[in-house]
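Participant: Chain order of the listed sequences is D and U. Quick note: the first sequence uses our numbering, first residue 517, plus one each step. Quick note: the second sequence uses our numbering, first residue 517, plus one each step.
It is worth saying that the hints were derived from the structure and are not from the lab. Each residue gets a CB set at the ideal place from its N, CA and C atoms; glycine is no exception. Possibly wrong hints are sitting among the right ones.
Here's a subset of chain U near chain D, in silico, CB distances under 7 angstroms, partners left out [stated by the list, open to error]:
id : residue
1  : Arg588
2  : Trp590
3  : Phe652
4  : Leu847
Each computed EDC-like pair below joins lysine to aspartate or glutamate, with the alpha-carbon atoms no more than 20 angstroms apart [stated by the list, open to error]:
id : chain 1 : residue 1 : chain 2 : residue 2
5  : D       : Lys744    : D       : Asp849
6  : D       : Lys744    : D       : Glu841
7  : U       : Lys656    : D       : Glu841
8  : D       : Lys656    : U       : Glu533
9  : D       : Lys789    : D       : Asp849
10 : D       : Lys789    : D       : Glu739
Number of protein chains: 2
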Amino acid sequence: MPQQLIFTNDVADALSEALGSISPSSTFIITDTNVESLVLPLLRAESPETVRARKIVTRPGDVNKNLDSLSRIWSDLVAGGANRRSAVVCLGGGVVTDMGGFAAATFKRGIPFINIPTTLLAAVDAAVGGKTGINFEDLKNEVGAFCNADAVIISTRFFRTLPTRELLSGYAEMIKHGLLTGPDTFNRLLAFDILNATPDELLPLLEQSVMVKKQIVDEDPTEHGLRKALNLGHTPAHAFESLALEQGHPVPHGFAVAWGLVVDLILSHMMLKFPSDALHRLAAFVAEHYGAPSITCDDYPALLRLMHHDKKNTDGNIRFTLLSEPGAVKLDDTATEEQITAALDILRDLLHA
Amino acid sequence: MPQQLIFTNDVADALSEALGSISPSSTFIITDTNVESLVLPLLRAESPETVRARKIVTRPGDVNKNLDSLSRIWSDLVAGGANRRSAVVCLGGGVVTDMGGFAAATFKRGIPFINIPTTLLAAVDAAVGGKTGINFEDLKNEVGAFCNADAVIISTRFFRTLPTRELLSGYAEMIKHGLLTGPDTFNRLLAFDILNATPDELLPLLEQSVMVKKQIVDEDPTEHGLRKALNLGHTPAHAFESLALEQGHPVPHGFAVAWGLVVDLILSHMMLKFPSDALHRLAAFVAEHYGAPSITCDDYPALLRLMHHDKKNTDGNIRFTLLSEPGAVKLDDTATEEQITAALDILRDLLHA
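Could you build all of it, start to finish, from the sequences and the hints given here?
Facilitator: Structure, rendered in structure tokens:
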């Protein structure tokens, strides 16, 4: 079932309509303590459905996207008398939409759910496309399901409360979508002033970006082919993210993605002659907004180990999504350890690390 | 995706073919300690794939179909280096196929799995149709997913090791399918000597029975309509089962189903004029093979409470699947507490309880 996406800054109205078409016997809002204090009051002021709904509040952060939190959500659904015709509204960032979506997808073998992402990253990535799940034994998204939300309501209104680095984190995924689309979109995104844009300026750009993902996901919901395009930047990104976590100074997902995009474009340049000027413009944008990963060549073996562990690998090779130019994707490419090492050297040089 | 069902007493060959078409990077066998000692050696003697596969052995019994066991299975998959192209073989009764199937359906958001039911009940019911899951907070199948096995290999060979009451337990579900099919099949089943049949005599009858379920499930995989037909007998059955559990003398699922079928035919007779002779023949068969539930009228309030809690209820009413005659189904019927109480009185009378 293709997913219904609603782009609007009138969230209460959209939610009312989406719930109306589900017509649930009862409604539950899954959110976290941060969103509960910052965003939920805004929504409740306008939306009577959310006042009547039962709240399930989880602890924030990726570290709490785990089996213990999931189990508590199931418990709260049981305690609240949820039945097969109840509906869930996931209000929050990617942790809430991933975990809340998985809870709904598996409670009584699946009840309807609606995602309302409250971060740019969740809006452009997690909340759309049906990937739900939790981390397990420190492995990211190791347990989960492909299950589309019945509706995703995407608004830029709630991003006002986001810290700058949260906004930038989401913007990295928008740039990824721009790279998958073509040179015009890519250039427009590098020129857009994300840190000073109004909600209404951002909404149409976000809509265009989300639709890139939606088109890919509708064609390949379970990631057997085309959907792998969305992994652009993500093989190195996951390694940067995991290494930073291991070293005790976690970095936002989107920052790791920004660095990972530069690595993948370097590899794309080396292997597929991706144009050097576009690579340099991206690197300059990333250096300005995201800085550089704090790595030295001593970290290369750990990064290679982490890339080998990536879920996308099905044999001994490390797999990458690469581009011959913006908009021209080549899936399932592999790179040697020597090529990856060379790319990391160039990354540090380009980002002045 | 409709599910591939293979009816054969050459299990090793069928498994080899099914695994061949998946071509997994590694294979895991999920089973329980009973099946590991009674059945796995038989299979391993013939099937090299099962010798090479990594074993994951769970504790037997419905009481272990829980989050703790599920979490251990996920852990064992991680420890065994399972990746997205690994495959799982669930070898066992309904607990193993339900829980192992759910583990596979959610590990890395879903890896392929093959069910080999080793009990008649699992062959005729649990292993086919894509319902996977676990119990949660003492609620049966409260958490799970609809996810088809890539193949189900159905053999009657392994049933030799089953205790009589296990065999009868599965046969109750076959009778249910017979009632959904029509008078001829229903009568043939009541005349068949299940306790003395050879594996080769049982296999074609089992195939016919499983195909009844498969046809219904293929038309309505997520139980929004027709699939509810398969709930015949199950509203009272779940109540008998839960009450017996609460009272500390658990009964096999199929025994509860046999008694539940009689209750639903009594209600069918009262409300839809289901023929009284067919009802009496079923009751005689059930009394002879399954005895009667140990209930008195003091248990009626508890039974009604349990029926009210049933997952199938979406409002305050207790829902039943009823028949106007064998083969003629009416879904989503409701009965009043007075009607249910009267039916329980008649049940005890018919079964000489």
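Participant: Taking the hints in turn, state whether each one holds.
Facilitator: Checked hints:
no., hint, in the structure
1, Arg588, "violated (11 angstroms)"
2, Trp590, "holds (6 angstroms)"
3, Phe652, "holds (6 angstroms)"
4, Leu847, "violated (15 angstroms)"
5, Lys744/D / Asp849/D, "holds (11 angstroms)"
6, Lys744/D / Glu841/D, "holds (17 angstroms)"
7, Lys656/U / Glu841/D, "violated (53 angstroms)"
8, Lys656/D / Glu533/U, "violated (33 angstroms)"
9, Lys789/D / Asp849/D, "holds (14 angstroms)"
10, Lys789/D / Glu739/D, "violated (26 angstroms)"
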